[in-house]
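Enquirer: One line per chain: the protein sequences are U and C, in this order.
Just so you know, we're using this note's numbering here: the first sequence kicks off at 1 and counts up by one.
Just so you know, we're using this note's numbering here: the second sequence kicks off at 362 and counts up by one.
Rather than coming from a laboratory, the hints here were simulated on the basis of the structure.
These figures come from a predicted structure and were not determined experimentally.
Just to be clear, a hint being listed does not mean it is correct.
[Unchecked claim] Partial chain U-side listing against chain C, Cβ under 7 Å, derived: (1) 118; (2) 120; (3) 351.
Note that CB positions come from ideal geometry on N, CA and C, so glycine has one too.
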Amino acid sequence: MAGESRKRKQHTDEPSPGDDDERRGRRDKRPKEAAKPAPPLPSEIKNKEKRSEVYAKLKREKKAQKRKLGRERGQAAQRAAELGEEVPERQVPRTIENTREPDETVCRPDDQELFAGNDADEFNAVLKQQVTPKVLITTCRFNSGRGPAFIKELMEVIPDAQYVNRGTYDLKKIVEYANNRDFTSVMVVHTNRREPDALLIINLPDGPTAHFKLSKLILRKDIKNHGNPTSHKPELVLNNFTTRLGHRVGRMIQSLFPQDPNFRGRRVVTFHNQRDYIFFRHHRYVFEEKEIKVVSKDKKAKSSESKKQTEKQVTCRLQECGPRFTLKLITLQHGTFDTKSGEYEWVHKPDMDTSRRRFFL
Amino acid sequence: MPRLTSVESPGCPPLRAITTDVLGLVKVVEARARPAGVAKVVETWGEPDASRSILVASLADRAVDPVLAVARKNGVVELLNPLNGDALAAVKSSWPEQTDGAAGDDPLVALHLFKKQAPDSSTLGTFLACTDKGKACVRSVAKENTASDLDVGPSSTWDVCNAGKLQFSSVDAGENYAMFGGKGIEVNLWDITSCSKIWSAKCPRANSLGIFTRPWFTAGTFLCKDDHRKIVACTNNHQVRLYDTASQRRPVISVDFRESPIKAVVEDPDGHTIYIGTGTGDLASFDMRTGKLLGCYVGKCCGSIRSIVKHPELPLIASCGLDSYLRIWDTNTRQPLSAVYLKQHLTTVVIDSHFSAEESEETKSKLPESSMVAEATVRREKKKKNQLVEEDEEGSRMVKPDDNDAETVTRKEKKKKKNRMVADDEEGTRMVDPDDSDAKTVRKENKKKKSRMVSEDEEGTQMADPDDSYAEMYAPKRIKSGERSKGTKKKSKKQQVA
Numbered sequence: 001m002a003g004e005s006r007k008r009k010q011h012t013d014e015p016s017p018g019d020d021d022e023r024r025g026r027r028d029k030r031p032k033e034a035a036k037p038a039p040p041l042p043s044e045i046k047n048k049e050k051r052s053e054v055y056a057k058l059k060r061e062k063k064a065q066k067r068k069l070g071r072e073r074g075q076a077a078q079r080a081a082e083l084g085e086e087v088p089e090r091q092v093p094r095t096i097e098n099t100r101e102p103d104e105t106v107c108r109p110d111d112q113e114l115f116a117g118n119d120a121d122e123f124n125a126v127l128k129q130q131v132t133p134k135v136l137i138t139t140c141r142f143n144s145g146r147g148p149a150f151i152k153e154l155m156e157v158i159p160d161a162q163y164v165n166r167g168t169y170d171l172k173k174i175v176e177y178a179n180n181r182d183f184t185s186v187m188v189v190h191t192n193r194r195e196p197d198a199l200l201i202i203n204l205p206d207g208p209t210a211h212f213k214l215s216k217l218i219l220r221k222d223i224k225n226h227g228n229p230t231s232h233k234p235e236l237v238l239n240n241f242t243t244r245l246g247h248r249v250g251r252m253i254q255s256l257f258p259q260d261p262n263f264r265g266r267r268v269v270t271f272h273n274q275r276d277y278i279f280f281r282h283h284r285y286v287f288e289e290k291e292i293k294v295v296s297k298d299k300k301a302k303s304s305e306s307k308k309q310t311e312k313q314v315t316c317r318l319q320e321c322g323p324r325f326t327l328k329l330i331t332l333q334h335g336t337f338d339t340k341s342g343e344y345e346w347v348h349k350p351d352m353d354t355s356r357r358r359f360f361l
Numbered sequence: 362m363p364r365l366t367s368v369e370s371p372g373c374p375p376l377r378a379i380t381t382d383v384l385g386l387v388k389v390v391e392a393r394a395r396p397a398g399v400a401k402v403v404e405t406w407g408e409p410d411a412s413r414s415i416l417v418a419s420l421a422d423r424a425v426d427p428v429l430a431v432a433r434k435n436g437v438v439e440l441l442n443p444l445n446g447d448a449l450a451a452v453k454s455s456w457p458e459q460t461d462g463a464a465g466d467d468p469l470v471a472l473h474l475f476k477k478q479a480p481d482s483s484t485l486g487t488f489l490a491c492t493d494k495g496k497a498c499v500r501s502v503a504k505e506n507t508a509s510d511l512d513v514g515p516s517s518t519w520d521v522c523n524a525g526k527l528q529f530s531s532v533d534a535g536e537n538y539a540m541f542g543g544k545g546i547e548v549n550l551w552d553i554t555s556c557s558k559i560w561s562a563k564c565p566r567a568n569s570l571g572i573f574t575r576p577w578f579t580a581g582t583f584l585c586k587d588d589h590r591k592i593v594a595c596t597n598n599h600q601v602r603l604y605d606t607a608s609q610r611r612p613v614i615s616v617d618f619r620e621s622p623i624k625a626v627v628e629d630p631d632g633h634t635i636y637i638g639t640g641t642g643d644l645a646s647f648d649m650r651t652g653k654l655l656g657c658y659v660g661k662c663c664g665s666i667r668s669i670v671k672h673p674e675l676p677l678i679a680s681c682g683l684d685s686y687l688r689i690w691d692t693n694t695r696q697p698l699s700a701v702y703l704k705q706h707l708t709t710v711v712i713d714s715h716f717s718a719e720e721s722e723e724t725k726s727k728l729p730e731s732s733m734v735a736e737a738t739v740r741r742e743k744k745k746k747n748q749l750v751e752e753d754e755e756g757s758r759m760v761k762p763d764d765n766d767a768e769t770v771t772r773k774e775k776k777k778k779k780n781r782m783v784a785d786d787e788e789g790t791r792m793v794d795p796d797d798s799d800a801k802t803v804r805k806e807n808k809k810k811k812s813r814m815v816s817e818d819e820e821g822t823q824m825a826d827p828d829d830s831y832a833e834m835y836a837p838k839r840i841k842s843g844e845r846s847k848g849t850k851k852k853s854k855k856q857q858v859a
C-alpha cells in the first residue's frame with residue numbers, strides 16, 4: 001500500500017513544466033506580497049454566491065488538471081510503445097474489494113480437504129446430475145402486492161419450479177410435504193407491507209437453510225427494453241464466491257438449477273457477489289454478424305466494388321429480462337428450517353463488523 | 362465508537378488440543394512457547410471420508426499411555442494413540458441383537474473413555490457408549506485384539522429409556538455414575554457398576570399460564586469433582602438448570618440464557634463455574650452457586666458451538682463448532698487468545714494437559730531448560746544491578762556536598778533515567794505474570810509504582826520473582842525483558858568506570 005501511495009505521489013509530483021513554473025512564481029510572489037493576505041478558502045467566504053463561484057472555479061481547475069495528467073500519461077505510454085520501450089504500468093485504482101482484509105477461509109484450488117468436503121456435502125447429488133433439481137416455491141402467510149408477480153417471474157427463471165399455496169401450514173409441515181414428494185429445495189418468499197423483503201432457501205432432505213434479505217427488487221415490466229425469457233434451461237454464472245461460506249452458498253444456489261443448460265436458448269442467470277451482496281440478473285444474449293462498411297480513400301475503388309468493401313464482424317448484444325434483485329445472507333442454518341432448536345453454521349453478529357474491508361462470502 | 366480492525370491476541374501458553382470433524386479427520390493443534398502463543402495445526406490423521414465422520418471423541422488424559430477414543434458414523438469405535446495417531450484397536454459398537462445396517466439409524470451420541478485403568482493393565486481402555494435410542498453399554502478392549510473385534514472384553518448393556526432421543530451423557534470425576542438426558546428424556550442418574558438407575562428428575566411445574574414444556578435436554582455435566590450429587594443440565598429452551606439429587610427432583614436453580622438452544626456445557630474444576638455454548642455461537646460462563654451470569658465471551662464466533670473443554674490446570678477453555686474454528690479463550694479476562702481455522706465442521710475438541718511435560722521429553726528438554734537457566738541468570742543480574750544502582754546513588758549523594766559540579770548533577774539525572782528503565786523492566790515482568798486474578802488491578806499498581814521512589818523497586822523484584830507455575834510458559838517474553846536489563850547493566854558499569 002505504501003508503495004502505491006508513493007507511486008501516486010510521484011506521478012502527481014511530476015506535472016508539466018508550465019505548472020512547475022506557476023508554482024515557482026507563486027512561491028516567489030508570496031514573500032514579496034507578505035502584507036497581502038492569502039486568498040481565503042471557499043469555506044471561509046460568507047457570501048454564498050461568491051463562495052459557490054470560487055468553489056466551482058477550483059473544481060474546474062482540478063478537473064482540468066486531472067484530465068491533463070491523464071492525457072500526458074496516455075501519450076507517454078503511446079510514445080513508449082512506439083519507441084519499443086517498456087510501457088509504464090497502468091495504475092490500478094484502489095477499491096474496497098481489492099484491499100480486502102486477508103482471510104484464511106478463502107478457498108484454495110490445491111486444498112484436498114475442500115474437494116473431499118464438496119463430495120460429501122448435501123448438494124453433491126444434484127450437482128453430479130444424479131438427481132434433477134425440483135423446487136417448491138411458496139410464500140409467507142399473507143402474500144400480496146408485488147409478491148405474486150415476483151413469484152411468477154421467479155418460476156420462469158428456475159425451471160422445474162412449482163408453486164404451492166402456503167395456506168396456514170407451518171413451514172415445517174411444508175418441508176415435510178416437499179420431502180415426501182422428492183423436492184430438492186424449498187424457496188419461501190417473505191413479504192412485508194406488500195413488498196418482498198426476504199428469501200429463504202431450504203435444501204432438502206436435510207441440507208442447510210439460508211436466509212437472505214431481499215432488496216432492490218425490480219420486476220420485468222419496470223425494466224426498460226426488457227426481453228421475454230424462453231423456456232430453455234438457463235446457463236448459470238456465479239461470481240466471486242471465494243470463502244468456504246461463499247462456496248457453500250454458491251453451491252446451494254447452483255443446486256436450484258439444472259446442471260445441463262440449453263446453450264441454444266441463450267439465457268443467462270447471474271449471481272454476482274460483491275462485498276457480500278449477491279446481485280441477481282437475468283439476461284438473453286445474441287451474437288450478430290454485422291456488416292460494417294470500410295471507408296476507403298480511393299474513390300474509384302469505392303464506386304466500382306462497393307460490395308467487397310463491407311466487412312463482417314460479430315458483435316454480442318445483451319437484453320435483460322428481469323427480475324432484478326439483491327440478496328444479502330443473514331443466516332445459514334444447519335439442517336432444515338427450525339427456529340426453536342436450530343443450530344447455525346453462520347450468523348451475522350455485530351461484533352464481526354470490525355472493518356469495511358472484511359467480507360464473509 | 363472506533364472499531365479496531367484486529368484485536369491483538371495475547372497468545373496462548375503451550376497447549377495441545379485435538380479436534381475431530383465431520384470428514385473423519387483428527388487434527389492436532391499445538392501452541393508452543395517458541396513462536397510465542399501462536400496455535401497452529403501440526404498434524405492431521407486419517408483420510409477425508411464422509412462415511413467415517415467422527416461423531417464424538419473422548420480422551421483418557423493420563424501422563425502414561427493416554428488413549429483417544431473416537432466414535433465414527435459407521436458404528437465403529439476406534440482407539441487411537443493421541444501422541445502419534447496410531448490406531449490401537451477398532452471395535453464395532455453394534456449390539457449383538459442388531460444387524461450391521463442398524464448402526465446407520467441408531468448412531469452413537471455419547472462416548473466416555475474411563476481414565477482409571479484396570480489393575481492388570483491387560484486392557485487398552487474401557488469406554489461407555491450410548492446411542493440415539495437410549496442403549497448404553499460399557500466395554501473394555503483388550504490389548505491383543507487389534508484386528509478382530511470378536512474377543513471384546515466384558516461388557517454390560519442396559520436401556521436408559523424406552524422412548525425419546527438420547528442427546529448427551531456425562532460421567533462424574535470418580536467414574537462411578539453416569540447421567541443421561543435427551544429429547545423427551547428427563548435427566549437421570551445411573552450407577553455404572555451395578556447398572557441401575559438411582560435418580561431421575563421431575564419436570565418443573567407449569568408456569569402461570571399453565572403451559573408445560575416437554576423435557577428436552579441437550580447438554581449436562583456434574584458440577585463438582587468430588588460430589589456426584591450436583592448436576593447441571595441445559596435444555597433446548599435455553600435454560601440452565603441445577604439439580605441437587607440429594608435434596609429434590611425438581612431443579613434448584615433454573616436460569617434463562619438468550620434465545621437459542623444450549624449445545625455444550627462444561628464445568629470448571631473450582632466447583633461452581635460452568636461454561637455454556639449455544640446454537641448461535643454464544644459462549645458464556647455462569648456461577649451456579651447463585652445462578653448469575655459471569656460474562657460472555659465475545660470474539661467473532663459465528664457458528665453453533667458443539668464442544669467446549671476446560672484445561673485442567675491453566676485458566677483456559679477451548680471451544681469448537683460449526684464455524685470450523687478452534688478458539689482458545691482466557692477464562693479470567695474472557696478474551697480470545699487464539700483462533701485456528703480447521704476447514705471442516707468440528708465435532709469435538711479435547712485438550713491433552715500433559716503436553717508441556719511431553720514436549721520436554723521429546724525435545725530432550727533443551728529449549729525450556731535453557732530458557733529457565735537464562736531466566737535465573739537474568740534475575741540474578743537484575744538483583745546485582747539494583748544493588749549497584751543503590752550504591753551509586755549513595756555515592757553521588759556523598760560526592761555532592763564536596764564539589765558542586767554541573768557534571769555530578771547531570772550524572773545523577775542520568776541515573777534517575779536509568780533507574781526508571783529498571784522500573785519499566787520490572788513492570789514488564791509483572792505484566793507477563795498471568796497468575797493475577799485481574800490484569801487491570803496489576804496495571805494500576807504498576808502505574809503507582811512508576812511514581813514511587815527507586816528504592817522501592819527492590820520490592821518490585823521480590824514481588825515478581827517468586828517462581829510461580831506459569832513462569833515457564835512466558836519464558837520468551839521474560840528473556841526479552843532480561844535482554845533489556847542487560848543493556849541497562851552495561852550502562853551502569855560504564856558509569857561506574859566514569
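Enquirer: Would the hint on residue 118/U stand, with a C-beta cut-off of 7 Å toward chain C?
Expert: violated (10 Å)
Enquirer: Go through the hint on residue 351/U and say holds or violated, using the shortest Cβ distance to chain C against 7 Å.
Expert: holds (5 Å)
Enquirer: Would the hint on residue 120/U stand, with a C-beta cut-off of 7 Å toward chain C?
Expert: holds (3 Å)
Of the hints listed earlier, the one the structure fails to meet is number 1.
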